[in-house]
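Assemble the complex: chain H is given as a structure, and chains L, A, P, Z, F and G must be docked to it using the hints.
As you go down the protein sequences, you meet chains H, L, A, P, Z, F and G in turn. Using this note's numbering, you'd call the opening residue of the first sequence number 1 and step up by one each time. Using this note's numbering, you'd call the opening residue of the second sequence number 1 and step up by one each time. Using this note's numbering, you'd call the opening residue of the third sequence number 1 and step up by one each time. Using this note's numbering, you'd call the opening residue of the fourth sequence number 1 and step up by one each time. Using this note's numbering, you'd call the opening residue of the fifth sequence number 1 and step up by one each time. Using this note's numbering, you'd call the opening residue of the sixth sequence number 1 and step up by one each time. Using this note's numbering, you'd call the opening residue of the seventh sequence number 1 and step up by one each time.
Note that these hints are calculated values from the structure, not bench results. Keep in mind that the hints are not guaranteed to be accurate.
What the hints assert, rightly or not - Below 20 angstroms or equal to it, Euclidean Cα-Cα: the simulated EDC-like pairs (lysine to aspartate or glutamate) are: (1) P:K115 x F:D217; (2) Z:K115 x A:E91; (3) H:K216 x P:D57.
To be verified - Residues of chain Z placed beyond 12 angstroms of chain G at every Cβ, according to the derived structure: (4) E102; (5) N114; (6) D217.
Claimed, not checked - Just so you have them, the derived chain Z footprint on chain A, three or more residues with Cβ under 8 angstroms: (7) 18 to 29; (8) 77 to 88; (9) 168 to 178.
Glycine included, C-beta positions come from ideal geometry on N, C-alpha and C.
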Amino acid sequence: MFRNQYDNDTTVWSPQGRLFQVEYAMEAVKQGTVTVGLKSKDYAVLVALCRASSDVDSLQRKIMSVDAHMGISISGLTADARQLCHYLRTECMAYRHSYDTEYPIKRFVESLGNKMQATTQSYNRRPYGVGMLVAGYDVNGAHIYQVMPSATVLNCKSMAIGSRSQSARTYLERNMESFENCDMDELVCHGIQAIRGSLGNEDLQDLTINAAVVGKDMPFKVLTDSDNQRCLIQAKGMGKPVVDEFVDAFSEKGISDDDDEQGPSGSGMPRSDDVSTTGS
Amino acid sequence: MFRNQYDNDTTVWSPQGRLFQVEYAMEAVKQGTVTVGLKSKDYAVLVALCRASSDVDSLQRKIMSVDAHMGISISGLTADARQLCHYLRTECMAYRHSYDTEYPIKRFVESLGNKMQATTQSYNRRPYGVGMLVAGYDVNGAHIYQVMPSATVLNCKSMAIGSRSQSARTYLERNMESFENCDMDELVCHGIQAIRGSLGNEDLQDLTINAAVVGKDMPFKVLTDSDNQRCLIQAKGMGKPVVDEFVDAFSEKGISDDDDEQGPSGSGMPRSDDVSTTGS
Amino acid sequence: MFRNQYDNDTTVWSPQGRLFQVEYAMEAVKQGTVTVGLKSKDYAVLVALCRASSDVDSLQRKIMSVDAHMGISISGLTADARQLCHYLRTECMAYRHSYDTEYPIKRFVESLGNKMQATTQSYNRRPYGVGMLVAGYDVNGAHIYQVMPSATVLNCKSMAIGSRSQSARTYLERNMESFENCDMDELVCHGIQAIRGSLGNEDLQDLTINAAVVGKDMPFKVLTDSDNQRCLIQAKGMGKPVVDEFVDAFSEKGISDDDDEQGPSGSGMPRSDDVSTTGS
Amino acid sequence: MFRNQYDNDTTVWSPQGRLFQVEYAMEAVKQGTVTVGLKSKDYAVLVALCRASSDVDSLQRKIMSVDAHMGISISGLTADARQLCHYLRTECMAYRHSYDTEYPIKRFVESLGNKMQATTQSYNRRPYGVGMLVAGYDVNGAHIYQVMPSATVLNCKSMAIGSRSQSARTYLERNMESFENCDMDELVCHGIQAIRGSLGNEDLQDLTINAAVVGKDMPFKVLTDSDNQRCLIQAKGMGKPVVDEFVDAFSEKGISDDDDEQGPSGSGMPRSDDVSTTGS
Amino acid sequence: MFRNQYDNDTTVWSPQGRLFQVEYAMEAVKQGTVTVGLKSKDYAVLVALCRASSDVDSLQRKIMSVDAHMGISISGLTADARQLCHYLRTECMAYRHSYDTEYPIKRFVESLGNKMQATTQSYNRRPYGVGMLVAGYDVNGAHIYQVMPSATVLNCKSMAIGSRSQSARTYLERNMESFENCDMDELVCHGIQAIRGSLGNEDLQDLTINAAVVGKDMPFKVLTDSDNQRCLIQAKGMGKPVVDEFVDAFSEKGISDDDDEQGPSGSGMPRSDDVSTTGS
Amino acid sequence: MFRNQYDNDTTVWSPQGRLFQVEYAMEAVKQGTVTVGLKSKDYAVLVALCRASSDVDSLQRKIMSVDAHMGISISGLTADARQLCHYLRTECMAYRHSYDTEYPIKRFVESLGNKMQATTQSYNRRPYGVGMLVAGYDVNGAHIYQVMPSATVLNCKSMAIGSRSQSARTYLERNMESFENCDMDELVCHGIQAIRGSLGNEDLQDLTINAAVVGKDMPFKVLTDSDNQRCLIQAKGMGKPVVDEFVDAFSEKGISDDDDEQGPSGSGMPRSDDVSTTGS
Amino acid sequence: MFRNQYDNDTTVWSPQGRLFQVEYAMEAVKQGTVTVGLKSKDYAVLVALCRASSDVDSLQRKIMSVDAHMGISISGLTADARQLCHYLRTECMAYRHSYDTEYPIKRFVESLGNKMQATTQSYNRRPYGVGMLVAGYDVNGAHIYQVMPSATVLNCKSMAIGSRSQSARTYLERNMESFENCDMDELVCHGIQAIRGSLGNEDLQDLTINAAVVGKDMPFKVLTDSDNQRCLIQAKGMGKPVVDEFVDAFSEKGISDDDDEQGPSGSGMPRSDDVSTTGS
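The shape of chain H in the complex, shown without the other chains:
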């Protein structure tokens, strides 16, 4: 276990050129519930799984509006997310004030990434423990961006982060070609299906979904509970998503193959993660 010598400080490199503290912060994202983002030509949607709890009054906290043309869905530490969201809203207001126009989404996520990068190179703060999917619509069309604790910013067609999100990503990749011309409801349904895919044999019965949409002539809007319910029913009509037959057949084994259980003690991060997180 030699690696432990290098994992106590964000500013210490391991001999293999890794920053373990940043990788550990990535693990915090995997402990949050799954959230997905996907887009068609004209719309971008975010769908998040919420755990039901009878004594909680409102559930909208996993998807947050940032500006009229943009919002985020988070997985990880909610306190970190809220603090970042507060920063982002202030940034957007300042941009509107200075330039009298909305913040271009590409520049916006790069600014967010730079803010998060600072915590990965500084002695006296820890990396943020939250991953974000940004859905927005600007003159360049609909966008889904993934921003992670490692401060990597990825322009995605669709993406899922959080607990067991690998299965959700598999669903999204298999159905990606059909998203292009979906309307909003269809996109939300695909997002729900992707989440259902990540849940294995658990049924959707006792789960709560939270969704938001943004797009052409459509400001960012968090859906109401009735909208969520309508989409859930519509998604159920699409049948149980077939994510990975092998996994379904041998679900225990399947779960242990999942990257969530592998963690940083594995021999390496899977290739697809390699692209989306730190390597380049």
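Positioned in the frame of chain H, the structure of chains L, A, P, Z, F and G alone reads:
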């Protein structure tokens, strides 16, 4: 005991993506006496258990008024709570001065959460060792918020924190549907019953209760000793609360099942905590 | 002895949610000589035990005047106390200058507590090693407050801190109902009796007492040596205080039961302390 | 393993006069995919290998435009690269604003190097984990510069950095004399061939190439996907590059000879690296 | 040797509520040569033992004038003393400038104590390694104050600090009643006798004394060598001081009983020290 | 290996009064290739050995011009050298601007030394890892100065630093009397011969030399490649330099006697180094 | 070897009240070559031993002029000395500018001592590694001061510091009575003899001396090489100095008795050092 390598600093992530120092600070909340918050359509009440001590002159310190429309009940380190309360009162006064209206409660608790989040990401301070229930009433109605050392902010229908608070939460969940139309006294009585539930076989005889109410046309008010006494008698008339038959029958075993005894060395935090504390 | 891993820094929580450095600073208070505070309807008095030393010129340093309506008695590090007292006097002068009235005692002790709280949450300073009893009189009557290194502030009817103070507290609790209508001299005598109670079989012969009073139409005044002597004689006339027969009979055993000898290595702090120091 | 005593801090020298933390940051560059830069008399080109991923929307992030006459290609942590690129663009704009001319490339890379040097001598930040190839064209002609985490700046005729880049460098050195009079497309093809050389037996089929050019009367331009495709086909027409027959014949052994597998635990860095990274 | 875990930092409390670094700094005082201070009704004198050294040109550095009505005698690190003395002179000048009168000695030593207290509570400085006796005369008469590294300030009738000072203190206590009406020369002689008492069987022959006086109508004055010599002869005429017969008879044993040899590894500091250094 | 306890921090002295971190930084100089400086009455020259590398475009980086009358040759970390050189150029420009004359070389190198000294006494930076030879010409004639990581500044007649520089120094000392009246080309040739001496049996064939001159009516000039080539041929005509017959005969042994291989683990630094580096 | 626990930080006291880091810095002074200072009624001279080195151009760096009436001779780290000397010159200039007179030497060395004291009480810097002898002449006559890393300032009749300086001090003490009426040349010769005394059987043949004088109507002047040579010859005429017959007879044993070999691991510092360095 490998985890110890990562639990000496707030800014160090464990390989599993956990912040142990933040989790330890959550334990400080469990060492305080229990306090509950619950609300009806028009009112929000806080009830706190106070340990009697003959040489102490006043007991109101567990519930503190913050502004005319809002107050807090705390569990954990009183010194941290008092320092935060001082900050909160200043914030409310500044808000009134700037906007000539009361601080909207949702924004208020988010600001409080952001202040506490800073201590969880900074090298040179420790996380606060106090949990808070915020009861308030504004244009959006009555609110109960839970704010914890992890800086999570939870909009609750009812909530209990502190020593053996799980049993109190169980009582609250079972009776939640009846709170909606309660008047203030009934709410306080339910709060007392919830606290009685957390005390197992100990009788209420030698215990002291402190309560506060806020609501429609009703500024935040800490009840007088006589009011407290009246409510105690009224609550006794409701009979001994049945929280968990199994626990009552085998109280020793029951207590050892409680999350208070489990602490951070358990295999994980219970699911319901998972929602309310760090994960999302 | 796993706890040692968490006791080197004020900003590190133990897995049980304790701050060991703060608890250790509480021990410094127990190493000072005993001091007591008690009050009647109209007066508050402080009595402190001073060790006699032939080469020392003046003994008044354990009780210090802060303002015309308030003074403190300390136990622990005198250097810390003097520095705090200097701060407090400056605060009172500033308050008078700003508001042209005396500092309300409740607000005063909260401000003091907040100053001390800062040292329990900061990386680069240690908690103060001194406990204080504040005696004051304002429009709300006579007050005795206890302020400890943990920054807890307790509004007391009577209180004793310092070496073997548990026995003094026992005396105070047993006689509390008779304080209400005492005049100043009687209060001082009760204070002396409480201190005598804490001394076991040692006689009062070779000990020196320092006392101070404040109250209605009576600015804070440290008594002269002749006043002290007069009260000592009066107190002796009240007979040897019966604190705890069992302790007197088996004094060695009795002392080892005392919380002063127990220290932080015990299984927990006694319940009454639990209230007055950190828990809430 | 004595060396470990000196590799936890950027500001600590080893007894041999090495800065291990800087060397470890160099390893992060080797974990990125390979990128090459080469130049003719009038043009400088950058070619980078991108891993394909179906859910990613755009791939241009490995080559970034900095100013009209200059751009960079990176290998290592993308978040660090993006933050540096943001800084570089601001610097170029400021230079244009001050001097009304473009930033001379030699001075530009020295300024960049000095910014990176600061992180290798400072206690509270880590060295950047990214290597860069800078391609530019100014009054002194076309330039390829290599800037590494050690803050060394090297004026190159051609260079390759990233995973298995040694083989790409071998290809470039063998064909260097033919670059002088190449046109842009030919340069890009040579770049592609160098990358192919680094891939061993993997075919180019499922890989994506990203290229950029700058030169005489030719502002820095990132090629479009169709341009990339055209060059790929043209490069395939040049046949499989013969990098190292021995390596091809015994590819496993060949790979283990590669500097990527050697890492900092080897007996020393290869001589050519010695020149280009830290020694002088 | 568990205590070692808590003795590396001024800001760390031991489990017993002690600050070991402060106690260690007290040891530095014991390593200096002995110095005594004593006073009559109208005069205060300081006498210091100086080790003779043929190559040193002047010996006045152990007693330093601070202002016209005040001076100090030091034991411990001279560099720390000189730096403090520089500070004190500046303070006195500033006081005279502001209030056009001399600095009251009680306030002066409290200000000095507060300056020293800061170093016992701060992370980045060490406690001062010097003890001081302050002799002064103001409207309240003659004063001898002891100020120690622990920042305690003690108003004394007479005091001795430094190597083997316990014996000197014994002499002073035994003869204290005779000081009240002494003239200056007699006081100096008593001071010399106290120092002789601390030297056991060593003769005064080859030792050098340095003395200073201050008092009614008598500004602070360091005596000349001839004055010193005159007083030495006068003191010799008083005979060998009888400090502790037992110690003289068994001097080896006597020395090992001395507090200088006991150091901080003893089971506790002697009671008299307890009063004068940290406890209260 | 007790010494390791004191070699992790620039601000920690070893019990022998050594600063190991500074000595380790001196080792970094020995890892660079050799460079020599020598002077006649009117000229000062710098000659540096450059390792050839086919993919590098320019080699002048080991000798850098600072001002019209001065330049430096470096051995060690090039990034540190470049950063220092940038500082030096700015200093020279500022001096010219302020005083309208060139920076006197003695004051210049002392200012440089003071800048480097700061890094040897400061907690948060490491000592520079580069040695420098400064060649200049001012009203006091030609100068060669050696400035090392220990911040020592040495006014030399001739000097060599870097890998195996001891042999080069031996050559220079043996031929020093002949330098006084050399012309520039002869000085460069002697410099080349000194470098050849340090290379043992390696031939000069495949090595590259970089040289620079400054002197009377001769601004600092880095020689062109053709000038270098001409001098190389001229130097070859002088025959193989005889540095140390014993070393040549038993070169392996000879090399192991060299101070470069000895490093800081040897029993001490050789006497001549003792003079030129830290002791005085 | 328990003492090692307390010797890593300037701000940490050992249990015996010692500051090991300061003592270690004292060792650095002993590693420099010996230098002596002595004075007559009207003159003060400094003499320093310089190690000859053929490639060094100038040797005057061990004695430095500070102002017209003052100069220093150093032993230890030259870089620290140069930085301090730069500071001292600036101070003297500022003093002249403010008061239009020369800096009184006593105040000057106290200011220097205070500057050095700051590094012995500060966390982030190390104590200076250089000892200094200050020779000056002002209205109070000729002065020799010793200033050491411990920040002690000693007004001396004569003093020697550096390697094997104990023997030089012995010579000086034995001949001190003859210095009073020496002229300058005689003083320099005595200084040379003291240095010869410290060299044991080594002959003076191949050693270089550097001397400086200051005095009545005689500004501080570093002697020229011819002056040095003249004095050397004159000193040789005085015969070999007899320092310690025993040491000469058994020189090996004699050297191991020397304080240079004893270092900080000895049981204590010799008494004479005790006076001059830290104790008081």
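List of violated hint numbers, smallest to largest: Violated: hints 1 and 9.
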